[in-house]
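Be aware that the sequence shown starts at 1, since it is given in this note's numbering, and climbs by one per residue.
Source of the hints: derived by calculation from the structure; they are not laboratory data.
Some clues are possibly wrong.
As the list claims (entries may be wrong) - DSSO-like, lysine-lysine: derived pairs with alpha carbons at most 27 Å apart:
1. 125 / 163
2. 414 / 163
3. 468 / 399
4. 481 / 247
5. 171 / 125
6. 414 / 397
7. 247 / 468
8. 163 / 180
9. 258 / 163
10. 481 / 397
11. 457 / 468
12. 481 / 468
13. 414 / 171
14. 258 / 206
15. 397 / 360
16. 414 / 461
17. 457 / 512
18. 258 / 512
19. 180 / 125
20. 247 / 125
21. 461 / 481
22. 414 / 247
23. 481 / 512
24. 163 / 457
25. 481 / 399
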Amino acid sequence: MKIMLQNIKRFSVIVAALFSLSSCLDQEPGSAIPEKDAMQTFNDAEQTLTGIYAQLKSSALYSGYLTLLPDIQSDLVYAVDGYSNAYGTFWQWDIRPTNAEIESVYASLYNIISNCNFYLERIDKVIESQTNDDQITTLEQYTGEVYVIRALAYSELIKCYCKAYDPATAKDELGVVLRKGYSIPERSVRASLYDSYEFVLSDLAKAEAVLDEDNDQYSSAFMTKSVAHALHARVALYMQDWDAAIKYSSLLIDHPNKAYSLSSATSVYTNNMSYYDYMWNYDVGTEIIWRVGFTNTSYGGALGQAFLNFTTDYTYYYPDYVPARWVLDLYEAADMRYNSYFYELQTGFDHALVWPLLVKYHGNQELINEYIYHVNMPKPFRLAEQYLIRAEAHCRKAKPDFAAASADLSTLRKARFISGGNITLTSDNYIQQLSDERVRELYMEGFRLQDLKRWGKLYNKGVSFERKPQTSSLAEGSSLKITHDNPLFVWPIPQHEIEAPGSEVLPNESNK
């Protein structure tokens, strides 16, 4: 209870934090307090952590680029003829190391890491100076949260800027620059992919050792032990450690305190709105493990703008991107996710396209009441993903358990279907079924590019996707064919990082 009360206090004081593109790997703390005076007391530590949480709101991260760009780059949406050219280089696979979005994601993640390192370097002395046992316990909790945040930031850098993990070659592949401290100079050199992921796992182990599962709660805006477990399951999946993926996803699915449950798309919660609808309209749901907390005075980017871009009188819509027809056709008539995610509207373009537009990010209703449009709280970890992780891991073990995988997907689908939902996975269909279900559930949540990259030849005989023009789609990019070996599955390292004085950062193939 004490930690939960602290969380309420912290949520009310989160403030904006700044980052600079000029020096991604060497940052001052977000508070800009001189080093010699910074983080000496309990309140200082709390404010430092508050600043780190504020950085997670950045529109370069979950409320913007980090969520949108991987799915726009892949096969889930089409640019509309007449669009604003937002994210056009990603849609057309013309991504360069000088791209502003590439730089912003990279800089934002390393700025968070820098602030985490700043906190971790000083926290022991702060704890030593305390005489209040409750404050010591709280600071230990905070430290666990910082380890989760640093692990998360590194995992996102690895996902975006590194190749898919292959246990046989990971020690020979490029990972990311590992900044382990704050004040001691470190070489700007990329660790191996193996060592990069091992560092993430090390941070998660430290977090899991100090965080208390009694503080796990749904719709948390703060890092909990469950968030650490959810990230651990995801990382294990990406590392092809199937047993660990099953272990950690099961800790969420079978939580000892029953902290989480799938939000039903068929049970009415309020005003003829299902629990699932309510989750997307108000950003509160029993399956949300972690959300980026917004208020009407402190919020991030507008996830829904690229898909709706409506005028304030709701008369005209000018979406930059609309759902791919093949995605819309994936949903069965009984699948209530379709109505939660899509709504057919006429656009305001000269061609007057009528199409099911994405309304998943229509906007948090309470923020809309404050005239803040297109803004939803990102939900980077949901219980639904854990069912998908466990199902895939069961399928890909040396001795697959397709019955267990089928049971997990069926459980997820029954929470979304008005009737039915059972599904059967086999050795012949499992990768396509898993792909389809991940699209249906995780649509435009930033997973698709990584999924295609890590599946490689396993999916669709190595043809990751081939777009075919659809009604009023932009000609440039509508016929793109991408195979599994395209170097742009791995984003280029920002050019300024490679050219920075003293840098030993090696480029990716996509830099060339």
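Consistency of the hints with the structure:
no., hint, in the structure
1, 125 / 163, "violated (39 Å)"
2, 414 / 163, "violated (35 Å)"
3, 468 / 399, "violated (38 Å)"
4, 481 / 247, "violated (37 Å)"
5, 171 / 125, "violated (36 Å)"
6, 414 / 397, "holds (25 Å)"
7, 247 / 468, "violated (40 Å)"
8, 163 / 180, "holds (22 Å)"
9, 258 / 163, "violated (36 Å)"
10, 481 / 397, "violated (31 Å)"
11, 457 / 468, "holds (21 Å)"
12, 481 / 468, "holds (9 Å)"
13, 414 / 171, "violated (41 Å)"
14, 258 / 206, "holds (24 Å)"
15, 397 / 360, "violated (34 Å)"
16, 414 / 461, "violated (30 Å)"
17, 457 / 512, "holds (24 Å)"
18, 258 / 512, "violated (50 Å)"
19, 180 / 125, "holds (18 Å)"
20, 247 / 125, "violated (35 Å)"
21, 461 / 481, "holds (13 Å)"
22, 414 / 247, "holds (23 Å)"
23, 481 / 512, "holds (20 Å)"
24, 163 / 457, "holds (14 Å)"
25, 481 / 399, "violated (34 Å)"
Against the hints set out earlier in the document, violations occur for numbers 1, 2, 3, 4, 5, 7, 9, 10, 13, 15, 16, 18, 20, 25.
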